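Add chain B to chain A, keeping to what the hints say.
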Amino acid sequence: MSVITPLGPAVKAMGEEDIRPEQKARAGRPRRKSLWTRLKQDRSLLLMTLPVVVLLIVFAYVPMLGNVVAFQEYSPYVGIPGSPFVGFDNFSRLLQDPAFWHALGNTLTITAFQLVFFFPLPILLAILLNSLMQPWLRTLIQGIVFLPHFFSWVIIVTVFQQILGGAGLISQQLRDIGAEPLNIMTNPDTFVLLLTSQTIWRDAGWGIVVFLAALASIDPSQYEAAAVDGASGWRRMWHITLPALRPVIILLLILRLGDALSVGFEQLILQRDAVGAEAAEVLDTFVYYSGVVSGDFSYGAAAGLLKGIISLILVLAANKVAHMFGEAGVYKK
Amino acid sequence: MTAQPTTEALVTPPAPRGLLAKIWHYEPVKRPAWQEKPSLIVTISKVVTLVVVCLAVLFPLWAVVLTSFSTQSAITQAGGLVIVPNGLTTVAYTQILSGGVVTKAVGVTVFVTGVGTALSVIVSVLAAWGLSRPGSVLHRPILFLIIITMFFGAGIIPMYLLVSGLGLINSVWALILPTAVSAFNILIVRNFFQSIDQGIIDSARIDGAGEWRILATIVAPMSKPVISVVALFYGVGYFNAFFNAILYINDNDKWPLQLVLRAYVLQGQSFVNSGTLDTVALDQAQPASLAIQMAVVVLAVVPILVVYPFVQRHFKSGILIGAVKG
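Protein sequences appear in the order of chains A and B.
For the first sequence, position 3 matches number 3 in this note's numbering, and the numbering has no gaps at all.
For the second sequence, position 313 matches number 646 in this note's numbering, and the numbering has no gaps at all.
These are computed hints drawn from the structure, not numbers from a lab.
As the structure is a prediction and not an experimental result, all values here were calculated from the model.
We put the CB at the ideal spot given by N, CA and C, even for glycine.
Careful: at least some of the hints might be erroneous.
[Unchecked claim] Here are some chain B residues the structure puts well away from chain A; computed CB gaps all over 12 Å:
1. Leu391
2. Pro393
3. Val424
4. Gln428
5. Gly440
6. Val448
7. Val505
8. Ser561
9. Gln600
[Stated by the list, open to error] Some chain A residues near chain B, calculated using beta-carbon distances under 8 Å:
10. Pro148
11. Gln161
12. Val228
Excised from the complex, chain A in its bound form:
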């Protein structure tokens, strides 16, 4: 099962169990080198990690510190050192801003829709695909449905617009038979359904691949034994297939929860003009428009920081819950 955990490597990286026997034997010898000797000994290994460390410090850790602008009245002309500190003013302004709550509400609605309508679909399709007797057919269908996962959001939205849009393929056919054309792409009321179907089109195949891998790890003799004991197909699915999928389902749920507040900046920003900000404003677009576009950097940064912290808490909490139910979760301590 550990193969399937996307964060399996991370888990192992932090654990003690990655020390190999021969390493233990080496460590067991009473030999305590000074730090300097060890640094000199491993200098080529350290040198190899240097580019990544530098890139991460500059492009991940410096901007993390840059979140300090959330506590300032930042002005681009004087920069961070010159801007005055205002404490939590930006955050209290944020909490009183109806636009912020509206963006948060939209974000959570979209996440909820995706959990209910998108999440179970790949599981069902994977079970269906797995029941196919011909391996080549399984591979072929898997190959077809996985393909859109590698398309950019611009392409996904373009394809949807060309098929479902007001001037798109289906509307053309409807006009030909004298019916009203569709306005799915511009209707704010059904926007969340549109987003969910785009996500399904793009990412269902990815879920199918992950779940198929989990299904492949089930020992077929379990099914045989159950069948010999008189278990029907449904009972075999309930007692063998679903328990085997449980760790993967929980893992993906945790990861999804960590992303609960990020619902695809690219997907939303591409369609915000078409359906209007009322329906398409989510936290990420709120940060972008209030911060970068309007130039109120401190305000946008406050919203972004709040989002980052809540997401982190959500992942940690979900992981804790998974541990309580005896699941491995994303990482182990």
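Just chain B, lined up with the frame of chain A:
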């Protein structure tokens, strides 16, 4: 190197039998004796579901590709996307590739994808090897530094301030450097390195080979599958990147293909495409012809289709399964 035979034994590429060969040699698989035969209704609903699912993916792609190759009269006749071939031409492609906005955007995207992928793969493989020997000095704190970035991102505003502070606004490097390192990809490679038989590496160390030499002559050749998967992830990421471009690139001379797609196809702006003209006419009234729009879409899809069989080959290996996150 004496390690040659062992190297071959360790890397057993799955014999890629072509799909056509499989269909040719197709024999109905025998159902195991314990498994009951599904009823006709179950079989029919299975087939219908799978056909619908596959068509939902393939049909739009078919319509887009066909329209890009269709003549203007075929498009007018169809009143939009063409689904039945009716007059084919490649004029849309010759037009967009004869210089101008799209050609320029292709150049930017090729540069960003090529240079970005090379840079990312090199630094990631180096770091993965540098961190793969347990017990080496400082490897734990460095690993920790890398892993934290998976759980907490800095946010849009500080990134923007940093990139503008570095003077990278409107520079292609703004499309490369901020996303050059993916903690996840490093961990995938490191995980693979740690699964390599240590005997070969230890014997090379005893023979006096340095870490650089071991990585270049023994480890890297053995790790071709995992390195190509990671290169693919980085490559697709750079190729599809849109978020960074919209944040950091205002000058439409430096637009990557994805931004051109958005402007001309999604937003229906027209592009004047005469010779070396680089100004963009923001004329909403006169959208580019549908064939040209779809040709730009196809340009942005073809590279994905070209590399896709390589992803397919790694379906079975645990590497990809462990790696396909989001």
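Item checked: Outside-interface status for glutamine 600 of chain B - nearest CB in chain A farther than 12 Å -> Contrary to the label, glutamine 600 of chain B does not stay out of reach of chain A, its closest Cβ about 7 Å off (not over 12 Å).
Margin query: Let's test the interface hint: is any C-beta of chain B closer than 8 Å to that of valine 228 of chain A?
Written below: holds, 6 Å
Checklist line | 12 Å cut-off, C-beta based - glutamine 428 of chain B kept clear of every residue in chain A | finding: holds, 19 Å
Notebook entry, point to check: Would the least Cβ to Cβ distance between leucine 391 of chain B and chain A come out above 12 Å?
Noted result: Given a closest Cβ separation of 6 Å, the condition is violated.
Next item on the list: Go through the hint on glutamine 161 of chain A and say holds or violated, using the shortest Cβ distance to chain B against 8 Å.
Entry: holds, 7 Å
Next item on the list: Beyond 12 Å from every chain A Cβ: check whether that's true for valine 448 of chain B.
Entry: Non-interface label stands for valine 448 of chain B: nearest chain A Cβ at 14 Å, farther than 12 Å.
Notebook entry, point to check: Given proline 148 of chain A was flagged as interface, is its beta-carbon under 8 Å from a beta-carbon of chain B?
Noted result: holds, 6 Å
Item checked: Consistency of the no-contact label for glycine 440 of chain B, given chain A and a CB cut of 12 Å -> holds, 18 Å
Next item on the list: Taking the shortest Cβ-to-Cβ distance between proline 393 of chain B and chain A, state whether it exceeds 12 Å.
Entry: Check fails; 5 Å does not lie beyond 12 Å.
Notebook entry, point to check: Does the no-contact call for valine 505 of chain B survive, Cβ to all of chain A over 12 Å?
Noted result: holds, 15 Å
Item checked: Interface exclusion of valine 424 of chain B relative to chain A, criterion Cβ beyond 12 Å -> holds, 20 Å
Notebook entry, point to check: Does serine 561 of chain B really sit off the interface, with its C-beta more than 12 Å from all C-beta atoms of chain A?
Noted result: holds, 15 Å
Hints 1, 2 and 9 from the list above are not met by this structure, while the remaining hints are.
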